[in-house]
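Student: Here is how the chains run, residue by residue.
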Amino acid sequence: MVKPIATTRSATGVPTGRLAVWWVIASEIVIFGGLLASYVMHRLGHPEWATYAAHTNPWAGGLNTLVLLTSSLTAVLAHNAAERGNGKRAANLLMLTCVGALTFLVVKSFEWYHEISEGFTITANGFWSFYYCAAGLHGIHVIAGAIIMLFVAADARKNKELQRVELIGIYWHFVDLVWIFLFPLLYIAK
Amino acid sequence: MSSNVDAHAAHGSHADPHALHDDSHYIKVWGILVVLFAISFAGPFLGIRIITLMTAFGIAVVKAYLVAKNFMHLDIEKKFVVQLLVVCLGLLFLFFLGVSPDVMKHWGWNWRNDSAKNANIPEHILHEGGAEGAPEGAAPAEGAAPAEGAAPAAEGAK
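Chain order of the listed sequences is W and Y.
End of the first sequence = 210 in the working numbering, gap-free, step of one.
End of the second sequence = 202 in the working numbering, gap-free, step of one.
If you're looking for bench data, these hints aren't it; they were derived computationally from the structure.
Bear in mind the structure is a predicted one, so any value in this text is a computation, not a measurement.
Some hints could be false.
So the derived list for chain Y, only partly shown, Cβ under 8 Å to chain W, looks like this [said to hold, decoys possible]:
(1) VAL78
(2) VAL111
(3) PHE124
Here are the simulated SDA-like pairs of lysine to any residue, each with C-alpha atoms no more than 25 Å apart in a straight line [claimed, not checked]:
(4) LYS113(Y) <-> GLY53(W)
(5) LYS72(Y) <-> THR90(W)
(6) LYS149(Y) <-> ASN145(W)
(7) LYS122(Y) <-> GLY37(W)
(8) LYS128(W) <-> PHE201(W)
(9) LYS128(W) <-> HIS158(W)
(10) LYS210(W) <-> LEU80(Y)
(11) LYS123(Y) <-> VAL73(Y)
(12) LYS210(W) <-> LEU86(W)
(13) LYS113(Y) <-> ALA31(W)
(14) LYS72(Y) <-> LEU83(W)
(15) LYS122(Y) <-> GLY105(W)
(16) LYS210(W) <-> ALA154(W)
(17) LYS149(Y) <-> HIS62(W)
(18) LYS210(W) <-> LEU90(Y)
(19) LYS122(Y) <-> VAL73(Y)
(20) LYS149(Y) <-> LEU135(Y)
(21) LYS210(W) <-> PHE89(Y)
(22) LYS128(W) <-> PHE140(W)
Counterexamples of contact, computed for chain W against chain Y with all Cβ distances above 10 Å [as the list claims (entries may be wrong)]:
(23) VAL119
(24) LYS128
(25) TRP132
(26) HIS134
(27) GLU135
(28) GLY139
(29) THR141
(30) ILE142
(31) TYR152
(32) CYS153
(33) GLY156
(34) LEU157
(35) ILE160
(36) ILE168
(37) LEU170
The beta-carbon is built from N, C-alpha and C at its ideal position, and this holds for glycine as well.
I would like the entire structure built from these sequences, with the hints used as guidance.
Tutor: Dropping the structure here:
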């Protein structure tokens with residue numbers, strides 16, 4: 021089968037699809053990094069934010085950290101399976117990763133529901149604005165990743181386009197990486 | 045190896061698929077990540093601020109390194125990709141260096157930012173040394189008596 025040029029052309033030695041994902045991640049580093057760096061400098065300039073941060077729920081944040089770490093494991097195991105040509109196993113592991121994404125979003129929803137009902141809304145003060153922006157932007161990435169993963173898994177189950185399993189995996193690990201820094205910033209440093 | 049896998053190796057996967065590990069390796073890395081997470085979670089319970097910060101952010105960096113190296117396979121990726129990511133992190137650091145003095149400090153030699161200083165500051169913090177660390181000659185907080193020799197504040201809060 022003749023592949024479309026976008027998957028065969030490579031000037032850098034990195035396959036084009038994977039190179040594209042790395043460029044996405046490079047831009048995401050600036051997006052999330054800029055947001056988190058702004059949060060850090062505001063937090064250092066406003067020691068009183070510690071009193072607001074005390075209202076975040078570290079147990080919910082901790083549970084979500086465990087969920088994302090585990091979903092990263094299933095994503096890399098899916099990549100490993102795809103690398104060995106086992107599309108069905110890769111698809112199953114990607115579906116497990118999607119379950120992780122769903123669990124993360126459910127926990128986040130409960131967490132936000134309680135915080136908002138206690139009056140800690142996005143307009144309450146600077147801390148909560150950053151909290152909802154950072155966690156919300158991350159949540160959007162979780163949703164996008166899960167949706168893409170469903171499409172990749174559907175193809176992988178038929179042993180088609182297995183290279184995409186690695187590509188969505190790289191993206192998913194980055195989503196996990198962002199949370200690794202969000203967790204101590206929003207839930208631990210009080 | 046099936047033809048599908050050959051096509052996969054040619055079009056999408058790493059140049060050397062054998063560089064990937066067995067599943068047990070990834071499970072071991074995940075185990076280490078979970079232990080590190082448990083330490084960072086337990087840190088605040090000791091109630092020592094410096095230990096909390098070290099366990100939280102020091103471990104976050106270690107966890108990020110483990111994920112990038114083992115799960116994202118940056119260790120076997122082309123150098124170009126690593127350089128690309130490092131440049132982005134460098135630009136981010138430059139951004140922080142350039143902007144943070146204005147955000148983290150609420151006064152300088154010729155300016156002060158009363159709105160930032162007084163924004164949402166609980167009463168007990170305001171009275172317990174909200175002006176701690178103010179440079180000599182800095183503009184006083186609103187309502188406080190100006191220090192002798194204090195420089196006049198720039199017109200208008202920043």
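Student: Evaluate each hint against the coordinates.
Tutor: These are the hints, each one checked on the structure:
| no. | hint | in the structure |
| --- | --- | --- |
| 1 | VAL78 | holds, 6 Å |
| 2 | VAL111 | holds, 6 Å |
| 3 | PHE124 | holds, 5 Å |
| 4 | LYS113(Y) <-> GLY53(W) | holds, 19 Å |
| 5 | LYS72(Y) <-> THR90(W) | holds, 12 Å |
| 6 | LYS149(Y) <-> ASN145(W) | holds, 19 Å |
| 7 | LYS122(Y) <-> GLY37(W) | holds, 14 Å |
| 8 | LYS128(W) <-> PHE201(W) | holds, 16 Å |
| 9 | LYS128(W) <-> HIS158(W) | holds, 11 Å |
| 10 | LYS210(W) <-> LEU80(Y) | holds, 19 Å |
| 11 | LYS123(Y) <-> VAL73(Y) | holds, 23 Å |
| 12 | LYS210(W) <-> LEU86(W) | holds, 21 Å |
| 13 | LYS113(Y) <-> ALA31(W) | holds, 24 Å |
| 14 | LYS72(Y) <-> LEU83(W) | holds, 20 Å |
| 15 | LYS122(Y) <-> GLY105(W) | holds, 23 Å |
| 16 | LYS210(W) <-> ALA154(W) | holds, 17 Å |
| 17 | LYS149(Y) <-> HIS62(W) | holds, 9 Å |
| 18 | LYS210(W) <-> LEU90(Y) | holds, 13 Å |
| 19 | LYS122(Y) <-> VAL73(Y) | holds, 22 Å |
| 20 | LYS149(Y) <-> LEU135(Y) | holds, 22 Å |
| 21 | LYS210(W) <-> PHE89(Y) | holds, 12 Å |
| 22 | LYS128(W) <-> PHE140(W) | holds, 15 Å |
| 23 | VAL119 | holds, 16 Å |
| 24 | LYS128 | holds, 17 Å |
| 25 | TRP132 | holds, 21 Å |
| 26 | HIS134 | holds, 20 Å |
| 27 | GLU135 | holds, 17 Å |
| 28 | GLY139 | holds, 14 Å |
| 29 | THR141 | holds, 14 Å |
| 30 | ILE142 | holds, 14 Å |
| 31 | TYR152 | holds, 16 Å |
| 32 | CYS153 | holds, 16 Å |
| 33 | GLY156 | holds, 20 Å |
| 34 | LEU157 | holds, 16 Å |
| 35 | ILE160 | holds, 20 Å |
| 36 | ILE168 | holds, 15 Å |
| 37 | LEU170 | holds, 19 Å |
In this structure, none of the earlier numbered hints is contradicted; all agree with it.
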